Amino acid sequence: MREEALHIEDLVKRYPTGVEALRAVSLSIKEGELFALLGPNGAGKSTLIHCTTGLAQPTSGKIEVFGHDAIGSYGKARQAVGLAPQELNLDWFLTVEETLDYHAGYFGMPKRERRERTKELLETFSLTEKRDERTRTLSGGMKRRLILARAMMHRPRLLILDEPTAGVDVELRLELWHYMQRINQEGTTILLTTHYLEEAEQLCDRIAFINDGQIVGEGSSAELAARYGVGNLEDAYLALVGRNELSRSKIEVAS
Amino acid sequence: MSAAQIRFATLWRREVNRFMKIKKQTLGAPLLETFLYISVFGAALGSRIKELHGIEYIVFVIPGLIMMALAINSFANNSSSILQQKFQGAIQDQLSSPASPLELLLAFTFGGFMRGLIVAGLTFIAASLLVDLPVDHVLVLIPSLFLVGFFFSQLGVLTGVRAEQFDDVAFVQTFVLTPLIFLGGVFYSATLLPQPFQTLTHFNPIYYMINLVRYGFVGFSEVSIPLSLLALTAATAALFAVNLRLFTRGYRLRA
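Protein chains in written order, with the numbering used here: chain A, 1 to 255; chain B, 1 to 255.
Read the hints as simulated data drawn from the structure, not as lab findings. Please read all numbers here as calculations on a predicted model, not as lab measurements. Careful: at least some of the hints might be erroneous.
[Claimed, not checked] In silico DSS-like pairs for lysine-lysine, Cα to Cα no more than 25 Å straight-line:
1) A/111 / B/21
2) A/111 / A/62
3) A/130 / B/50
4) B/86 / B/21
5) B/21 / A/119
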């Protein structure tokens, strides 16, 4: 039986303002899966990711990464996770190479290994020519690539990608899809959040819908469509957010 | 090196690298400032004042200038580094690593401490070339400098963590630290002040720090050395405990 890569149980996140961003969320992702988390803005996707990676403190509940506690003694859990956040959170003072090198250092990787891994990822993400440039001079697409490369630096077993293809051009989106599939086939478990339903459908084994801080559906694209009694994932999503009237099946095609 | 040692060294290296990249601002400007103080107070004012408590005026002033350079640079480095990284979101890279709150706090602390020591050290070297600066009590001087640097590094961390905008950092530096340092007797002896200012000076903690450093260099102090050392140690330890608690709770660092 496959190991559980991510185990979340009754996770609650309540902000001091009283807003409950996560309401008893439970989720299980098996090792080797490519799993998508879909939901409207403000549904709790990023909060769930932040709780898993230590950027937010859960109010209650349990999070385990490959069996290691991710909240209390989080050392081993964090070591196993790579995060590519939604925001382009790069340090403007650092060069591309330093960004990767420091990240790997934070995860305890020795110098020689850092150098080799940096070279490898700079090539993979076509950033070798930019290695000595400061991150603020990069284009949006290059920053996105660098963030993904940074998340991969310490060879995490679970890669969390928070809207990795938001705002990128078609070419880079396809490049990123290919890359995600490749590293997934090589054994990395991936948790992906996205607003592009075709991305989730094309890449992911399983999909979960999150809305208003709760997981409201989980399964394959076909299973989710069946659950909402509609023909496809997009209509299932529209049913979830209560906007069935927007279904493409209801758009009259101009003759 | 163990993974934990690599992690800590990288966190620290990142902080040092930040200020080394902008040397003109972080090292050059404070050195010029100190040089101007020495010129104005030493050459211009010193020609009229001659001596204070039997010590040549410029020699009386320089220990205070060294202490001021150490304090302001330790503080300014950490407060602006942390706020800047929070502002960019780049601090998430460290926060989502396996680093413990203690490791993060110490790495930020030592970043500013290093900058303070470099500026203070260069000021000392430059001053030694200009005047005959004695070092009378090295066993008081070294712990005093260490404690002053550590105290202001901690204060910088606290200010950076609490700050939400650059104005918050500027406020503390301009409206709290600078007046306290100037009124703490860097350029004069508190015994020369009329009442009630002479008594009020005794409520200024920086007055004791200046006296400690001055005693280390020239062997003159207006306050009890053991008591001042003890109070400074207690204040530094208390500030460190507060910061560690904030880092553990993730106050204004983690959502």
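Status of the hints after comparison with the structure:
Restraint check for residue 111 of chain A and residue 21 of chain B: the C-alpha separation of about 21 Å stays at or below 25 Å, so the hint holds. Taken as a hint, the residue 111 of chain A and residue 62 of chain A pair is broken in the structure, with Cα atoms around 35 Å apart against an allowance of 25 Å. Taking the CA atoms of residue 130 of chain A and residue 50 of chain B, the gap is near 59 Å; set against the 25 Å cutoff, the hint is violated. The hinted pair formed by residue 86 of chain B and residue 21 of chain B meets the criterion: a straight-line CA distance of about 19 Å does not exceed 25 Å.
Distance check on the hinted pair: residue 21 of chain B and residue 119 of chain A sit about 23 Å apart at the alpha-carbon level, within 25 Å; holds.
The structure fails to meet hints 2 and 3 from the earlier list, while all remaining hints are met.
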